[in-house]
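Trainee: Quick note, the sequences are listed as chains G and F, same order. With our numbering, the residue at position 587 of the first sequence is 592, and numbering never jumps. With our numbering, the residue at position 582 of the second sequence is 587, and numbering never jumps.
These aren't lab readings, by the way, just hints derived from the structure by calculation. Among the clues, some could well be false.
Heads up, the list lumps identical chains together, so a pair's fine if it works in one copy or across two of them.
Pairs of lysine-lysine residues, derived as DSS-like cross-links and limited to a Cα-Cα distance of at most 27 Å, are as follows [unchecked claim]:
#: 1; residue 1: K235; residue 2: K369
#: 2; residue 1: K143; residue 2: K665
#: 3; residue 1: K602; residue 2: K665
#: 4; residue 1: K377; residue 2: K343
#: 5; residue 1: K30; residue 2: K649
#: 6; residue 1: K30; residue 2: K547
#: 7; residue 1: K235; residue 2: K665
#: 8; residue 1: K602; residue 2: K673
#: 9; residue 1: K197; residue 2: K397
#: 10; residue 1: K243; residue 2: K286
#: 11; residue 1: K602; residue 2: K397
#: 12; residue 1: K197; residue 2: K326
#: 13; residue 1: K649; residue 2: K97
#: 14; residue 1: K197; residue 2: K143
#: 15; residue 1: K59; residue 2: K602
#: 16; residue 1: K197; residue 2: K214
#: 17; residue 1: K326; residue 2: K343
#: 18; residue 1: K317; residue 2: K55
#: 19; residue 1: K225; residue 2: K602
#: 20; residue 1: K317; residue 2: K143
#: 21; residue 1: K286; residue 2: K459
#: 22; residue 1: K661; residue 2: K602
#: 23; residue 1: K225; residue 2: K243
#: 24; residue 1: K197; residue 2: K235
#: 25; residue 1: K214; residue 2: K225
Below, each chain spelled out in residue letters.
2 protein chains.
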Amino acid sequence: MDISNELRQKAANAIRFLSIDAVNKANSGHPGAPMGMADIAVVLWAEVMKFDPKAPTWQDRDRFILSNGHASMLLYSMLHLSGYEVSIDDIKNFRCLHSITPGHPEYGMTPGVETTTGPLGQGFATGIGMALAERMAKARFNQSGADFQPVDHYIYGICGDGCLMEGISAEAASIAGQHGLGELIYIFDDNKITIDGSTDISFNEDVEKRFLAHGWDVSKVDGHDQAAIKAAVVAAQKVTDKPSLIMARTHIGFGSPNKQDTSGAHGSPLGADEAQLTREKLGWSEEPFSIPSEVYELFAAAAKRGAEAREKWSTDLAQWKGQSDLGAAWTALFETEKVENLSRAVLDVMEENDTAATRALSGKALNAIAQKLPGLVGGSADLAGSNKTQIKGSEYFSQEAPQGRNIHFGVREHAMGAAVNGMALYGGFVPYGATFLTFSDYMRPALRLAALMKIRSLTVFSHESVYLGEDGPTHQSVEHNWALRMIPGLYNWRPADGTETAMAWSYAVQEGSPAPHTLMVTRQGVPSLPRTETFTATDVWKGGYVIRDAEDADITIVATGSEVDVALNAAEQVQANGIKARVVSMPCLDLFLDQTKEYQESVVSSAIPCVSIELGRTQPWAMLTGRDGLNLGVDTFGESAPWKVLRDFYEMVPEKVAEKIQAWFAKK
Amino acid sequence: MDISNELRQKAANAIRFLSIDAVNKANSGHPGAPMGMADIAVVLWAEVMKFDPKAPTWQDRDRFILSNGHASMLLYSMLHLSGYEVSIDDIKNFRCLHSITPGHPEYGMTPGVETTTGPLGQGFATGIGMALAERMAKARFNQSGADFQPVDHYIYGICGDGCLMEGISAEAASIAGQHGLGELIYIFDDNKITIDGSTDISFNEDVEKRFLAHGWDVSKVDGHDQAAIKAAVVAAQKVTDKPSLIMARTHIGFGSPNKQDTSGAHGSPLGADEAQLTREKLGWSEEPFSIPSEVYELFAAAAKRGAEAREKWSTDLAQWKGQSDLGAAWTALFETEKVENLSRAVLDVMEENDTAATRALSGKALNAIAQKLPGLVGGSADLAGSNKTQIKGSEYFSQEAPQGRNIHFGVREHAMGAAVNGMALYGGFVPYGATFLTFSDYMRPALRLAALMKIRSLTVFSHESVYLGEDGPTHQSVEHNWALRMIPGLYNWRPADGTETAMAWSYAVQEGSPAPHTLMVTRQGVPSLPRTETFTATDVWKGGYVIRDAEDADITIVATGSEVDVALNAAEQVQANGIKARVVSMPCLDLFLDQTKEYQESVVSSAIPCVSIELGRTQPWAMLTGRDGLNLGVDTFGESAPWKVLRDFYEMVPEKVAEKIQAWFAKK
């Protein structure tokens, strides 16, 4: 396609002034990066990327990730110009309450936004997950020599120096290099400016050498030479066995006479005067938010090509599905909303009276689900054996075995979390990560984004609580249950036995979807619990339920995970001393708090005193137990010792718990 | 010094068998890494490092960090053999409750342990902080050409592949390279084995090239050739303008006939049989926990040299302090426990009726303290201007300006957190980091270790709450206050105005030391608050106090930060409607919970209903307000909009708050 230089410049300037004017109007935002990356964006959207603005979730589209999400006006400009459902009024409402153009791009809020970005490095690592998913999909559906390759697209992204300074990008780059993810093409907006000034003050590393060390293909280009950018991207497309980083030397605030190449262009509006000076400098005579028709036409042509490509692909896919023996697998992966009787199938693999660690039970559940749900893929941050997260009968994903459903993430919890998000966003796949619960701290920013995006990102956190044992306080979680529960929309399960573990897993992958879920599972064995006659397994899906009832109960004991068994035994003991105790198992407090107030009250009555038992921070349980409740747990860091020694040390045995309950109740 | 090969091997085997036998006895632990690193350890302790086991906090000692902390038995072995207060019985009690040899090395627990390690990558990054501190100390006290250089030591460390996979190590390596920290010498235990198997499956990056890209000096050595190791370390010592990485090819589980070079040697005891086979293979005839006297003698000789060096240094220092005009500065930095009237000095810079953002007030406080406390140094993760954390009148630390007290950490929150820990551990310095509160998630593992270590690590978290505004939910904290409060021993301040900000800062640097503190400060302006007549500034040091009293109060309103002003105004309004409201300002709940039950009750009476107001997650406030309390805040992710729009949207204005209180109280 031949695009005149004049039109190229006009298109780039259209992006620049949409960005300048929207930021000025909002009186807040980041104009400099969109101004610097405008030429790159023109190349990607007008010449390179395959997309259909009317079908933003088309499975075979190219993905685009703006990892430096503060440059959101670049993305909003492109979505608007390309014909996505982002109007000029939406652009004018940039950063206004309830607009679809918030300060940073948010998945689910704006058509065409593939992932939420802003926290630096997250987009970079999320894209690695998308590329992993694509590679897996290719392995399943593309057949060498076949006329039709149903999976045939790229993952493009732009990142800034901030993304590359964040450790998550090093982790993610290493994973991408390890697996030779050639579908991944990232452009580094190398503008030499950070918020605090020149990158010289804090970022003088050799980026080219670093990415070569990670196993990437690296090229360098003038970020304002559109022809050169295009050539670099085309060259990167041809590198199929390595991810590509194109280092594009750009000028932040390009065209601003007084702010170009300064941190002053980064995070503040140019202001009316500088906007005018920039108009003069770049020869832009359009009014704010007015775009020349030829610019719209340029991007409309790309969108038209995308729409045609999508139509052809859809026709080809339908035909292929009819002919190929892989058609059913495609339908199962990408087009099947629900597997029937999933929870039953998972419950069936749990054995009655099975005393086992919930991590082992979780492993059973995971494998039962893996048989029913072809999209289930995932792995661990170098703790697969400990986390019990291996899908049996499948290989480990590698360049040689891209069909493998198991993934070695390496000791890279943060990139794992973001990659899991990326796989979930890709579509079809139901991805999980795994590590010790304590190391959830290493991946919180990714968990938070999963919750903000409301996507089906799963994490198995094994070795929860001080019962991890001898590894000691550095590895023992005491605050993590609550720290995770504080993230809005993240569902955190601490199952007590096989039944709860099975129901937690099936809820997480299906009934509770799309939302991120975590499973906090034990290292040590726990018994299978007795339940009331009226219990049905779906009670677990209320998040909390009565596991032992007592007529005219005097107290309620709420417990989670390994402490439910303790609570049940303590309840027997206090009942022998005349205190009638109802016991509530609360495998997922977050879900319980989603229930009606009536249900909550029917389970944890506010009319009688309440005890909580959980081996972790205690105080927030006051939301159920009140100021005068009894909260048993651990409010200090743990200790290095065998778990049974710790059980005695923390007096988490029925006799001691019963004693404490009696002493407390006596004062009522 | 000439050490026979036989003695070298004996010494290395002594370490191996102490490790094997201690892990076997504990029936838990990691024998493989100590066995692989034993030769390196012999070289470091017998030939290289400067230390005095009888004075483990000697200021001019070499520091040693075991970043792969699971190899703790290596460190405990060395501390025992070298004559630190770690007895053979302590070794026998490895991983037992309340022993000084817990599963992972813990600072403050064991003499000679310089920092707590185990969570991978933390030690690596903490050492960067120590090296930063040393470079700063050198700039202050070492004079070119002087006979006596009071600061003259190295920071040694060993790290594993797990440390290098963690993103924090990339961040930290980049900082160290940026600043050319030649005092830093790390040895990479390149054993090619991870928990999940060969490093080939998840770590095939080119480590040498990566560290060269980070600006390091890199060498390679056979990790079992002690002479070669020594030569590499000596060469690294001579590289003064770059940190050094020595890649030592080792064999995990060295000497174990069936487990060497396998992940089976990593995290499980060898067992009695394999221990016996290893004894045979290595020709080790000693009983468990018995060490040949010549091995003790070898390390005793090194300790003796260290003791002599320390004595000479102490003499020289005393003389130098008497003669040098820097002597007083040395005393002020390293030997002064307390600055008199510090809090008064900080309060004095706050202006009466000053409506300002608490981040700006924090900047004032920081600068007031910087004048009194020469150890105060720190910086931000590329948000210095936003965080208001620059020390005026001082430069930015760099190779050219090592005297600078300001540090550009770059967009590397995690390494910043660990480096701040390292500076605190180094001694003398009072370091702080800074970023937006939301990005506390990026550095939680480092904050957690600061709390576990009980060190004076400070962090300024500006732009707290949804009032960050237009940047939107990716940047707005809602869960972070509580997520941080859940970390035991971390003191989190959310000051309401200048008085509280001043007192929070002075408490954090002095009265509340040593412990880590965070300051959550606003982007938007807040008014200076009226207080009761009986108020004294040190009331703030109770964590919570009555800021507006009411005789025979009907309710208590507990508020923090920007919501205290709202609470005070709402109290006036409800009082006009007959509800007598006491208002409690709670700048540091963690500290309030440290007070006596009597004090807590006198402030937040359990006899009257209670309201909490804080712009963040609400439910845990039930610990003060009870089940029937009213908790006002934000339990969802935020929204992108100007802060005043959000204030109205979340109804966080006195009128609306008063209405809600009245409606709630009417139902009592």
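Trainee: Each hint needs a verdict: does it hold in this structure or not?
Mentor: Status of each hint after checking the structure:
For the identical chains of this complex, K235 and K369 are neighbours neither inside a copy (49 Å) nor across copies (50 Å), given an alpha-carbon limit of 27 Å. Proximity of K143 and K665 under a CA criterion of 27 Å is satisfied in neither setting, with 59 Å inside one chain copy and 56 Å between copies. Taking the shortest alpha-carbon separations for K602 and K665, only the inter-copy value of 19 Å comes in at or below 27 Å, while the best intra-copy value is 29 Å. In this homomeric assembly, K377 and K343 come within 27 Å of each other (Cα to Cα) only inside a single copy, at 10 Å, whereas the closest approach across copies is 66 Å.
Taking the shortest Cα distances, K30 and K649 sit within 27 Å of each other only across copies (17 Å), while inside one copy they are farther apart (63 Å). With identical chains, the CA atoms of K30 and K547 are never at most 27 Å apart, being 46 Å at best within one copy and 45 Å at best between copies. In the homo-oligomer, the alpha carbons of K235 and K665 never lie at most 27 Å apart, since the shortest distance is 72 Å inside one protomer and 59 Å across protomers. Taking CA atoms no more than 27 Å apart as the test, K602 paired with K673 passes in both settings, with 26 Å inside one copy and 18 Å between copies.
With identical chains, the CA atoms of K197 and K397 are at most 27 Å apart between copies only, with a shortest distance of 25 Å across copies and 48 Å within one. Proximity of K243 to K286 under the C-alpha cut-off of 27 Å is found in neither arrangement, the shortest distances being 38 Å within a copy and 53 Å between copies. Within a single copy, K602 and K397 get their C-alpha atoms no closer than 42 Å, and across copies no closer than 54 Å, so neither meets the 27 Å cut-off. Neither within a single protomer nor between protomers do K197 and K326 lie at most 27 Å apart by alpha-carbon distance, with minima of 49 Å and 45 Å respectively.
Proximity of K649 and K97 under a CA criterion of 27 Å is satisfied inter-copy only: 19 Å between copies versus 62 Å inside one chain copy. Taking the shortest Cα distances, K197 and K143 never come within 27 Å of each other, neither inside one copy (37 Å) nor across copies (31 Å). Taking identical chains as interchangeable, the C-alpha atoms of K59 and K602 are never at most 27 Å apart, the minima being 42 Å within one chain and 63 Å between chains. Within a single copy, K197 and K214 get their C-alpha atoms as close as 17 Å, and across copies as close as 22 Å, so both meet the 27 Å cut-off.
Taking the shortest alpha-carbon separations for K326 and K343, only the intra-copy value of 20 Å comes in at or below 27 Å, while the best inter-copy value is 77 Å. For a Cα distance limit of 27 Å, the shortest separation of K317 from K55 inside one copy, 13 Å, qualifies, whereas the shortest one across copies, 73 Å, does not. Taking identical chains as interchangeable, the C-alpha atoms of K225 and K602 are never at most 27 Å apart, the minima being 59 Å within one chain and 65 Å between chains. In this assembly of identical chains, the alpha carbons of K317 and K143 lie at most 27 Å apart only when taken from the same copy (19 Å versus 69 Å across copies).
In the homo-oligomer, the alpha carbons of K286 and K459 never lie at most 27 Å apart, since the shortest distance is 44 Å inside one protomer and 57 Å across protomers. Within a single copy, K661 and K602 get their C-alpha atoms only as close as 33 Å, which misses the 27 Å cut-off; across copies the closest is 24 Å, which meets it. Proximity of K225 and K243 under a CA criterion of 27 Å is satisfied intra-copy only: 16 Å inside one chain copy versus 35 Å between copies. Taking the shortest alpha-carbon separations for K197 and K235, only the intra-copy value of 22 Å comes in at or below 27 Å, while the best inter-copy value is 40 Å.
In the homo-oligomer, the alpha carbons of K214 and K225 lie at most 27 Å apart both inside one protomer (12 Å) and across protomers (19 Å), since each shortest distance falls under that limit.
Consistency note: the structure conflicts with the earlier hints numbered 1, 2, 6, 7, 10, 11, 12, 14, 15, 19 and 21.
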